[in-house]
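Student: Spelled out from the first residue to the last, the chains are:
There are 2 protein chains.
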Amino acid sequence: MRVPDLLVPGSRVALVAPSGPLRDESDLQHAVDTTRSLGWEPIVGEHVLERDGYLAGSDAHRLADFNRAAADDSIDAVWCIRGGYGSMRLLDELDYGAWRHSTKALIGYSDITALHAAIGRSAQLVTYHGPTARAPLTEFSRASLRAALVDGVNPCGHAPDSVALRDGVARGPLAGGNLALVTSLLGTPYAQQLDGAILVLEDVNESVYRIDRMLTQLRLSGALARVAGIAFGQFTDVPDEPSSEQRPLATLLLEVADRCAVPCISGIPLGHIANQWTVPLGAIAELDADRRTLDVIPR
Amino acid sequence: MRVPDLLVPGSRVALVAPSGPLRDESDLQHAVDTTRSLGWEPIVGEHVLERDGYLAGSDAHRLADFNRAAADDSIDAVWCIRGGYGSMRLLDELDYGAWRHSTKALIGYSDITALHAAIGRSAQLVTYHGPTARAPLTEFSRASLRAALVDGVNPCGHAPDSVALRDGVARGPLAGGNLALVTSLLGTPYAQQLDGAILVLEDVNESVYRIDRMLTQLRLSGALARVAGIAFGQFTDVPDEPSSEQRPLATLLLEVADRCAVPCISGIPLGHIANQWTVPLGAIAELDADRRTLDVIPR
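As you go down the protein sequences, you meet chains P and R in turn. For what it's worth, our numbering labels the leading residue of the first sequence as 33, then goes sequentially. For what it's worth, our numbering labels the leading residue of the second sequence as 33, then goes sequentially.
There could be a bad hint or two in this list.
Reference excerpt, derived from the structure (chain R facing chain P, CB under 8 Å, subset only) [said to hold, decoys possible]:
| # | residue |
| --- | --- |
| 1 | P53 |
| 2 | M120 |
| 3 | L218 |
| 4 | A223 |
| 5 | D244 |
A few chain R residues that don't get close to chain P, going by computed Cβ distances all over 12 Å [as the list claims (entries may be wrong)]:
| # | residue |
| --- | --- |
| 6 | V35 |
| 7 | L38 |
| 8 | D65 |
| 9 | S69 |
| 10 | V76 |
| 11 | D91 |
| 12 | A103 |
| 13 | A130 |
| 14 | G189 |
| 15 | D193 |
| 16 | A255 |
| 17 | T268 |
| 18 | A293 |
| 19 | A306 |
| 20 | D322 |
FYI, nobody ran anything at the bench for these hints, they're computed from the structure. A quick note: this is a predicted structure, and the numbers were derived from the prediction, not measured. Beta carbons: idealized from backbone N, C-alpha and C, even for Gly.
Just chain P, with the same shape it has in the complex:
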């Protein structure tokens, strides 16, 4: 895998909205301010304030902003302002050629998982599963983001709130992201390569039976039998089921760990939470379930 160039003061960072609409201009202003606070120059996409229901404007306009940033050699990074839904709709028309000749950083998570998967695979480029640009950037998240993008050192490490579901040590390329998007790409040309991978997974607003369905799809696809290790992040805002139909998420994740028989931890700082790691998808990492650490091997 190729690794993006490190960002420096004055790096030009395109702010784009390939998925859901921004709430209003304050989202954009926050993204601009955060980019500047990191010493970078924000370059705002032409169409980022448009909206069409749950999409930030038409496919054509979201695509135009994204492809323009990809093809512009003066742009050093593409930072997605928001996730939501919609990037999958663009996958057939991304400018993959531009990404194959680029070492710019792609940053975002949640729905942006689809872009990580498609671009990472096609361009053989490490991409950054990290905060969206509109999110309040806590000190924790800022430190991890800078470690990944500016300093090129391990942005992860010890996960104190995690638990080991199955002990052992595993090493492999980082893959995964948002579970719904990882599974929504199965059976398409954009599915992630998970053989030998350290799989990280998170999701929000998915009931346990839906998480079960998605993990079962991954299992039936054969992918879970071939991963080297699993690090579950946070599954937040899980809707309540009728009390008679509840099944604990912890039970489900333990079933998966036991069935996969690979090192597995649950509860890393990844997901729809304030303090999140920036995870360089495609980079080699070592998962030590006993020590509850996920260490990205320096480039």
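Position chain R relative to chain P; hints supplied.
Tutor: Chain R only, in chain P's frame:
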């Protein structure tokens, strides 16, 4: 495709629960009564009243009931009492050999779509996307069920409440069912063969962006470019989105029809509704979008 033997008075019908739990014994009693009202003899699975959260008991027990019914030569049909979620978890361990040597009818819908897909493909057997056994059987649903299973005549026909999204006539094997399950099998060995198919799709309790995501996965998989026609059923209990993020389902379905450029209607009696067709998946049908008819070609 092989076609199940027609049912006759006294046919032995196994009642099983491979997915979600029954509410209580009244669900089972209703299933038994309905089976008898059709002149068939209900054979109740040993474990159908068990529950483990959103599952009707352990995988081992749900599987045991289902596989026992499949392997028992004295059983003429397997009727699922309820959908919900859970049949996917069993797919790797179904007794496919029994189904390959069987001409029994499999009946159910919603989550049962996973069983239709896996068994239909492996056993090259027509299966019946129709009411679950616990559902109140309206006269409409009963007539269609009997047409399919007892009389072997066209159980579908004119869909008065449907609209044509794209005109034309198409012929091919019926495929599809519940959209969430159809897409949850993509990338697995159990994915339906959709080339040249008349694709029927329905779902319940899925917001429009989720339906979008699922249809986009189908598109990216290449399947939608190869279907012969599409007949959308009912999408019921669609949750409200924030008002600023609504996008009409009708807009989405029209986008799909336009992109596929095949005959397409929307609103057939298929889904989580009182009056539903029994659709013989794998049988050849003709979709006439201008006339808004879906006719199953007689065996």
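Student: Give a verdict on every hint.
Tutor: These are the hints, each one checked on the structure:
1. P53: holds, 7 Å
2. M120: Cβ of R:M120 sits 5 Å from chain P, so the hint holds.
3. L218: holds, 3 Å
4. A223: OK, holds: R:A223 within 8 Å of chain P, min 6 Å.
5. D244: Constraint on R:D244 satisfied, holds at 7 Å.
6. V35: Holds, since 27 Å exceeds 12 Å.
7. L38: It holds; R:L38 is separated from chain P by about 33 Å at its closest Cβ, greater than 12 Å.
8. D65: Holds, because the least Cβ-Cβ distance between R:D65 and chain P comes to about 23 Å, which exceeds 12 Å.
9. S69: Correct as stated: the minimum Cβ-Cβ distance to chain P is 28 Å, above 12 Å.
10. V76: holds, 21 Å
11. D91: violated, 9 Å
12. A103: About 23 Å separates R:A103 from the closest Cβ of chain P, which puts it past 12 Å; holds.
13. A130: The claim holds: R:A130 sits with its nearest Cβ about 20 Å from chain P, beyond 12 Å.
14. G189: The claim stands: R:G189 keeps its Cβ more than 12 Å from every Cβ of chain P (closest is about 33 Å).
15. D193: Since the minimum Cβ distance to chain P is about 25 Å, R:D193 lies beyond 12 Å and the statement holds.
16. A255: It is violated; R:A255 is separated from chain P by about 8 Å at its closest Cβ, not greater than 12 Å.
17. T268: Label holds. Min Cβ-Cβ 18 Å, cutoff 12 Å.
18. A293: holds, 16 Å
19. A306: At roughly 22 Å from the nearest Cβ of chain P, R:A306 sits farther out than 12 Å, so the non-interface label holds.
20. D322: For R:D322, whose nearest Cβ neighbour in chain P is about 30 Å away, the distance exceeds 12 Å, so it holds.
Comparing the model with each earlier hint shows violations of hints 11 and 16; every other hint is respected.
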